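Make the full structure from the sequences, and use the hints.
The chain contents come next:
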Amino acid sequence: MTMSENSAPRVAPWNNPVYRGWLFQILLGLTVVVMAYSAFSNTLFNMRLRGIPVDLGFWNTAAGFDITQKTIEYSASNSYGRAFVVGLLNTLLVGAIGIVLTTILGFIVGVARLSKNWIISKIATVYVEILRNTPLLLQLLFWYNAVLKSLPSPRQSIIMPGGAYLNNRGLILPNPIFGDSAVYVVAMLLAGIVAGVIYQRWAARRKALTGQESPVAAIGLGLVIIPAILAYFVLGKPIWLEFPALKGFNFVGGFQLYPEFVALLGGLVIYTAAFIAEIVRAGIMAVSKGQTEAASALGLSHSQTLKLVVIPQAMRVIIPPLTSQYLNLVKNSTLAIFIGYPELAQVFMGTVLNQTGAAVQCVAITMAVYLVISLTTSVFMNIYNSRNALVER
Amino acid sequence: MSLNSPAFVRDQSGPTLPSPVFARGPLAWIRANLFSDILSSVLTLIALYMLLRTVPPIVSFFTIDAVWSAQDGAPCRVASAGACWAFIGQKLPFFTYGFYPVEERWRVNLTILIGAALIFWLLYPKLGRKNIAVSLFFLIFPILAFVLLHGGLRSGLVVVETNLWGGVVVSLIVSLVGIVFSLPLGVLLALGRRSTLPFVTFFCITVIEFVRGVPFITVLFMAQFMLPLFLPDPSWSDSFDHLLRVLIGTAIFSAAYMAEEIRGGLQAMPKGQFEGAMALGLGYWQMMRLIILPQALTLVIPGIVNNFIGLFKDTTLVAVVGIFDFLETIDSQIKDPVWTGPYISTTGYAFAAMFYFLFCFGMSRYSLYMERRLAAGKSH
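As they're listed, the protein sequences go chains A and B.
If you read the first sequence in the numbering used here, its first letter stands for residue 890, the second for the next number, and so on.
If you read the second sequence in the numbering used here, its first letter stands for residue -2, the second for the next number, and so on.
Since the hints were derived computationally from the structure, they do not count as laboratory data.
Nothing here was measured: the structure is a model prediction, and the numbers come from that model.
Note that CB positions come from ideal geometry on N, CA and C, so glycine has one too.
Hints may contain errors.
Stated by the list, open to error - List time: in silico DSS-like cross-link candidates among lysine-lysine, alpha-carbon distance up to 25 Å:
| no. | chain 1 | residue 1 | chain 2 | residue 2 |
| --- | --- | --- | --- | --- |
| 1 | A | K1178 | A | K1005 |
| 2 | B | K332 | A | K1038 |
| 3 | B | K310 | B | K88 |
| 4 | A | K1038 | B | K88 |
Unchecked claim - To spell it out: a stretch of chain A is covered by chain B in this simulated footprint if at least three of its residues, at any positions, have a beta carbon under 8 Å from a beta carbon of chain B; those stretches are:
| no. | region |
| --- | --- |
| 5 | 916 to 922 |
| 6 | 935 to 947 |
| 7 | 1011 to 1022 |
| 8 | 1026 to 1037 |
| 9 | 1210 to 1224 |
| 10 | 1248 to 1258 |
What the hints assert, rightly or not - With the Cβ distance kept under 8 Å, some of the chain B side facing chain A (calculated, not the full set):
| no. | residue |
| --- | --- |
| 11 | S33 |
| 12 | I35 |
| 13 | F222 |
| 14 | P229 |
| 15 | P231 |
| 16 | T343 |
Structure representation (C-alpha cells):
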C-alpha cells in the first residue's frame, strides 16, 4: 500500500462520482430534449392531420357566444381574446372577494375552536371536520343544485337584511349609484386615508422617541371618515343605493349576482375557511405560554399582549400556509366549470376549446395564467419569509 | 385537656357542609365552560337557540320523514316526505360498479378485498414484514388488479372495457393509482430536487413547481386533450384509453405534491445520518435506500396521509373529462325522471358526503394516531 499522503485514492473513471454525475445529467438532458422535441413535432403533425389550428389565429375572430356574468362590455360579436379577458376578470373577481370573505370566516372559526366556551368550540370543530373531509366539488354541487335551485321564484323571494333578495335567479343586491360629484367624495376618502397613514407614522415615531402614546385609532379613523362624510353632505348626497323592486315576474334595478356566482363564491369561501381555521388555530397555539406570561410579567395589558406579543408571532406561522390557501382558492375556482360560472377555465377550456378545437393552445394559455399567479405569489412569499424569518442568534 | 376545662377551641367537629355547588360536578362544569362571563353566556344561548332550530328538523328529515322503501319517486314527492333513501337503495349497484357487467362484478369485489387486506397490512403497525407488503402492494397488486378488472391477457377472463367502469370502483382506482405511482415518483423528484447535480435539480424543480402551480382540472384537460397528440402514430392516439389518460394525469399531479412532502422529511434528517452512512462506505443509492428514506418517510407519514386525503377528494374532478366516478354516477342519476323530486339531489349529495367523509375522516384519524405514535417514539 504505497500511496502519497495528500492525494485521494485513485478510482477508475467509471467509478468517479464527478464523471458519473455528468454522464447521468447528460443522459437525462438528452432524454428530456428528445422527448420534448418528438412530443412537439408529433403534436404539430397530429394537429395538422386533424385540421386543428396550430396557431393563435382564432384569438381575434368573433367568439359567437355570450357570457352571462361580465365585468366589462362583451357580446357574442366580440373576439375570443375579449372572451379570455372577461373570463380572467371573472376569475380575479371571485378570487378577490373570496379571499376577503374566507379570511374573515376562517379567523372567526379558528378563534372559535380555541374558545373556552365548550359549545362554541364544538360547533367550530364539527364545521371544520365536515367541510375538510368532503370534496369541494360535492359541496359546490350541493349549494348549486340542492340549495340555490330549490329557492323560491322571484315573486316569493327571501328578503335578506339590507334590502337584498335571494331567489332562484340569484342574489339581488342594492346597487350603489355614483352621481356626477361622487368623484370628489371618493377623492376626499383617499386623501383621508393618506392623512391617517401619515398621522399613524408620526405617532409611531413620537412614541419611539418620547414614549408618549397618541390616540391613533380615534384620530386616524376621524381623519379617514370625517372629510368624506362632510364632502358627501356638502355635495348633496351624490352616492345613493338603488333598491331592487319586484315588477311583474322579475326584479328591476339592483345588482344581480347570478346563482352560479353565489354558489361558487359561497362554496369556495365556506370550504377554504375550514382550512384557514386550522391554520389560525395552529398559529395561535404555536405561541408558547411563556410568551404570554412574560408579557403580563412586564405589565402589558391583555389587549397589548395580544397586539404586541401573540399576534405578531402567530402571524409568522400563519402567513405562509395562509397564502397557499389563497392560491388554492383561486385554483379551485376552476371548479366553476361544473356549475357554469364563466371564469377563465369555463370560458377558455370549456367553450372556446369546444368551438375552435385548439386544445393545446387553450389548455396552455389557461395553465400559463395560473402559473403566473402562483409563481408571482410565491416570489412575494419568499421575500416576506426572508424578511420575517426568526433571527437566531 | 380535660372535658370541663374552659376551652376557647371547639372540641367537637361542626356539622358537615355540602361542597359548594359551583366548585365541582355538572353545574360547575356548565358554569366554567358555558357561562364563564357575559359574552360566553350570550354566545351559548345564541348557539343553543340555533341548534334547537336546525338540528331536530335535519335529523327528522334524514330519519323519521325519510322514505326508506319505494319502487319509484312517487312517495318521495309527497309534501311531508324527507330524504329519499329508497332512491339510493335502488341505485346502489350502479353507484358502486357503474356499467360493469353484473355477472362479472365478483371480479371487482375480489380486487377490492385483496386491496383492502394489503392496505390493512401496510397501515396496521403491529403486523410485521412490511417490506413484503410494500412489494405486494406497489408491484404485484397493480398488475393483478388490472388483469382482474380488465380481463384478457390470456387470463381466461372476459374483457371489460374501461368505458364500462364507473362508480365507487373508478373513484378507488383513480385514488389508488395516484397513491401507488405518486409515492415512488415523488421520492425520485424529491431526491432529484435535493441532488447536487445542477441539471437534475433544475429539472425536478421545474416539474414540481409547474404541476403545483396549475389547477388539477387543467392537468386533467392536458392529459385528456394533449397527451394523445404527443404520440407519433395517429391511430395510437385515437385508441389511447380515456381512463389511462386520466390516471397518468393524476399520478403526475399527486407526485409533485408528494415530492414536496417527502422533501420536508429529507430536510428534517440530521446531517449525522448522511455522514454516518457515508462513513460506512455506502454509496448514494444504498445510503438513501437503507438509512435515509426509511427514516425520512416514517417522519412524514402524517403529511403523506393528508396528501392522500386531498387526492381522494380530488378524484371527483375526473368527471370533467367524462370519467364516471362515484360523485358523477350520483349526479347523473339525480336527473332520472322516474325518481325526480324536490329532495332527490339533497339525498344523493348527503349520501356522497357520508361516503367521502367516512374515508377522509378515517384517514385523518389514522394520520393523527401515527403522529402520536411517532412523537411517543421520539421522547424516549
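Going down the list of hints, with the structure as the test:
For a cut-off of 25 Å, the pair hint linking K1178 (chain A) to K1005 (chain A) stands: about 16 Å separates their Cα positions. This hinted pair checks out: K332 (chain B) and K1038 (chain A) have alpha carbons roughly 13 Å apart, not beyond 25 Å. This hinted pair checks out: K310 (chain B) and K88 (chain B) have alpha carbons roughly 22 Å apart, not beyond 25 Å. This hinted pair checks out: K1038 (chain A) and K88 (chain B) have alpha carbons roughly 23 Å apart, not beyond 25 Å.
A count of 3 residues in the region 916 to 922 of chain A with a Cβ less than 8 Å from any Cβ of chain B is obtained; the coverage claim is therefore met, three being the minimum. Here's how the region 935 to 947 of chain A fares: 4 of its residues keep a CB closer than 8 Å to some CB of chain B, so the rule of at least three is met and the hint holds. Three residues within the 8 Å Cβ limit are the bar, and the region 1011 to 1022 of chain A against chain B gives 5, so the coverage statement holds. Counting residues of the region 1026 to 1037 of chain A whose beta-carbon sits less than 8 Å from any beta-carbon of chain B gives 6, enough to reach three: the coverage restraint holds.
A count of 4 residues in the region 1210 to 1224 of chain A with a Cβ less than 8 Å from any Cβ of chain B is obtained; the coverage claim is therefore met, three being the minimum. With 5 residues carrying a beta carbon less than 8 Å from a beta carbon of chain B, the region 1248 to 1258 of chain A meets the three-residue requirement, and the given coverage holds. Interface restraint check for S33 (chain B): the shortest CB-CB distance to chain A comes to about 6 Å, inside 8 Å, so the restraint holds. The beta carbon of I35 (chain B) comes no nearer than 12 Å to any beta carbon in chain A, farther than 8 Å, and the hint placing it at the interface is violated.
Below 8 Å, beta-carbon pairs count as interface contacts, and F222 (chain B) has one with chain A at about 4 Å; its hint therefore holds. Evaluation of the P229 (chain B) hint against chain A yields a held restraint, the C-beta minimum of about 5 Å falling below 8 Å. Among the interface hints, the one on P231 (chain B) holds; its C-beta lies about 6 Å from the nearest C-beta in chain A, closer than the 8 Å criterion. For T343 (chain B), the interface hint holds, the least distance from its beta-carbon to any beta-carbon of chain A being 5 Å, beneath 8 Å.
In the structure shown, a violation is registered for the earlier hint numbered 12 alone.
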